[in-house]
Amino acid sequence: MNNHSPDSDEALGARLRAELPRYAAPTHLRSAIGEGAAGAQPRPAWLAPALAAVATALVLGLAFLPLLPRILPADPTERLVRSVVAEHTRALMWGARRPEIVPAALPWLTQESGIGLRKVFAGDDRLLFVGAEPVYLEGRRGIALSYRDGDGHLVTYTVLPWPGLPLPEPRRVQIDRWRPALMSDSGFSAWVWRQGDLACFVVSDMVSESDIERFKDYFVRLRVSTDPVPAN
Amino acid sequence: MASDEFHRAALEHLDALYNFAMYLTRNPPEADDLVQETYLRAFRFSHRFQPGTHLRAWLFQILRNTFLTFYRLRERESALAEDGVPTWDTPMFHDAPEESSGAVEAHTDLERALQRLPEEFRTVLLLAEVEGLALEDVARVLACPVGTVKSRIFRAKERLRGLLRDYSKE
Numbered sequence: 001m002n003n004h005s006p007d008s009d010e011a012l013g014a015r016l017r018a019e020l021p022r023y024a025a026p027t028h029l030r031s032a033i034g035e036g037a038a039g040a041q042p043r044p045a046w047l048a049p050a051l052a053a054v055a056t057a058l059v060l061g062l063a064f065l066p067l068l069p070r071i072l073p074a075d076p077t078e079r080l081v082r083s084v085v086a087e088h089t090r091a092l093m094w095g096a097r098r099p100e101i102v103p104a105a106l107p108w109l110t111q112e113s114g115i116g117l118r119k120v121f122a123g124d125d126r127l128l129f130v131g132a133e134p135v136y137l138e139g140r141r142g143i144a145l146s147y148r149d150g151d152g153h154l155v156t157y158t159v160l161p162w163p164g165l166p167l168p169e170p171r172r173v174q175i176d177r178w179r180p181a182l183m184s185d186s187g188f189s190a191w192v193w194r195q196g197d198l199a200c201f202v203v204s205d206m207v208s209e210s211d212i213e214r215f216k217d218y219f220v221r222l223r224v225s226t227d228p229v230p231a232n
Numbered sequence: 001m002a003s004d005e006f007h008r009a010a011l012e013h014l015d016a017l018y019n020f021a022m023y024l025t026r027n028p029p030e031a032d033d034l035v036q037e038t039y040l041r042a043f044r045f046s047h048r049f050q051p052g053t054h055l056r057a058w059l060f061q062i063l064r065n066t067f068l069t070f071y072r073l074r075e076r077e078s079a080l081a082e083d084g085v086p087t088w089d090t091p092m093f094h095d096a097p098e099e100s101s102g103a104v105e106a107h108t109d110l111e112r113a114l115q116r117l118p119e120e121f122r123t124v125l126l127l128a129e130v131e132g133l134a135l136e137d138v139a140r141v142l143a144c145p146v147g148t149v150k151s152r153i154f155r156a157k158e159r160l161r162g163l164l165r166d167y168s169k170e
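Protein chains in written order, with this note's numbering: chain A, 1 to 232; chain B, 1 to 170.
What the hints contain is simulated information worked out from the structure, not anything from laboratory work. Don't take each hint at face value.
[As the list claims (entries may be wrong)] Here are the computed distance ranges between Cβ atoms for each label pair:
1) V59/A to F45/B: 18 to 26 angstroms
2) A11/A to S3/B: 43 to 51 angstroms
3) E10/A to H54/B: 21 to 29 angstroms
4) E12/B to E10/A: 26 to 34 angstroms
5) E10/A to E136/B: 16 to 24 angstroms
6) E120/B to V59/A: 35 to 43 angstroms
7) T56/A to E120/B: 34 to 42 angstroms
8) R90/A to H47/B: 50 to 58 angstroms
[To be verified] Some chain B residues near chain A, calculated using beta-carbon distances under 8 angstroms:
9) M22
10) D32
11) L160
Glycine residues also receive a C-beta, built at the ideal position from the N, C-alpha and C atoms.
Starting from the given sequences, assemble the full structure and let the hints guide the process.
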């Protein structure tokens with residue numbers, strides 16, 4: 001193409017510059033942008049990398065969360081109560097897995113749990129026996145007996161071999177001739193006591209003041225009528 | 001660059017940006033919106049501007065990217081509308097000025113011919129020929145190599161010449 005012809009690239013470029021109308025920014029736009037500029041604060045240069053770092057840390061934290069050690073109570077009694085309450089919650093949610101009939105299932109339960117029951121509370125007019133099953137908590141085999149009262153409260157009696165389990169003195173409560181410790185965890189109450197080399201627990205969701213009186217009564221019924229011993 | 005100084009320097013290019021926006025949208029209210037959005041982004045991300053580089057080209061780049069973002073959004077919405085899904089009443093930006101109410105009419109054959117060019121051809125001509133940006137700056141705005149810019153300018157002018165010839169025969 002001839003660059004000097006009227007159709008040349010240069011001529012076309014010149015036409016574009018000369019013939020195309022130019023549109024000037026309207027006054028209102030100029031003032032609007034001017035006002036916007038006055039109030040505009042540029043983002044700090046460090047903000048983007050800082051946000052990226054925080055986001056990365058969060059993602060890594062979430063990724064490794066299952067691998068992080070759980071925060072467990074340092075006190076062995078509290079730790080044990082937490083495990084027993086967790087087992088009680090499981091029974092509450094899904095029911096006893098093996099609702100065995102006591103005393104017919106006692107030999108089997110003793111064999112599975114390592115806990116013998118010289119006598120066992122089989123329920124009365126206040127507490128209905130629901131089931132019994134072996135449990136495995138904190139690395140030890142034990143036994144759990146479940147009862148339900150007239151108001152629907154599930155009461156779980158759990159026995160684990162745990163020689164010398166310390167009981168927190170300030171939490172011990174005198175009930176008749178016994179002094180179990182009243183502990184609480186995750187909205188549940190637990191009576192904790194020692195019976196020889198065994199640690200015994202009665203757990204329920206009875207936490208209010210009036211409920212505690214009834215919970216004391218349940219403790220007495222279970223304590224009097226149940227006599228666990230190590231099977232070995 | 002200090003904030004006030006940056007704002008002042010950026011506002012010096014307002015007319016050029018508005019002119020470019022008008023040729024992209026052919027609609028004054030949409031050109032207003034496009035330019036406002038461009039300055040909003042420029043002020044917000046002013047820390048990313050490298051002093052010593054061409055501020056004018058940087059602003060044109062933001063404006064074009066903003067236009068394309070909304071234009072593509074609108075194209076997706078149009079596709080949905082054809083499938084029977086309701087769309088918004090008024091799209092923000094478009095490149096179909098003839099069909100739009102409030103669009104600025106082309107008064108000359110040259111303007112009409114330019115309007116009929118695809119956006120990437122229109123843009124290279126406007127930036128290189130009308131605004132006088134160096135080919136390197138145009139390449140930066142379009143995010144493509146300088147060779148591609150040269151090729152597009154050549155093809156755009158060929159297409160423009162063809163359209164002008166057609167108009168002269170009418």
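Hint check results:
Range check, V59/A to F45/B: about 25 angstroms between beta-carbon atoms, so the 18 to 26 angstroms window is met. Take A11/A and S3/B: their Cβ atoms lie about 44 angstroms apart, and the range 43 to 51 angstroms holds. As the Cβ distance of E10/A to H54/B is approximately 24 angstroms, the hint placing it in 21 to 29 angstroms holds. In this structure the supplied range 26 to 34 angstroms holds for E12/B paired with E10/A, their Cβ-Cβ distance being about 28 angstroms.
For the hinted restraint 16 to 24 angstroms between E10/A and E136/B, the CB-CB distance of approximately 20 angstroms keeps it satisfied. Checked against the hint of 35 to 43 angstroms, the C-beta distance between E120/B and V59/A comes to roughly 38 angstroms, which is consistent with it. Range check, T56/A to E120/B: Cβ separation about 37 angstroms, and the 34 to 42 angstroms hint holds. The hinted window of 50 to 58 angstroms between R90/A and H47/B holds, with their beta carbons roughly 55 angstroms apart.
Because the beta carbon of M22/B sits about 4 angstroms from the nearest beta carbon in chain A, less than 8 angstroms, this interface hint is met. The closest approach between the C-beta of D32/B and any C-beta of chain A is roughly 5 angstroms, which is under the 8 angstroms cut-off, so the hint is satisfied. Because the smallest distance between the Cβ of L160/B and any Cβ of chain A comes to about 7 angstroms, under 8 angstroms, the interface hint for this residue holds.
The earlier numbered hints are all upheld by this structure, with none contradicted.
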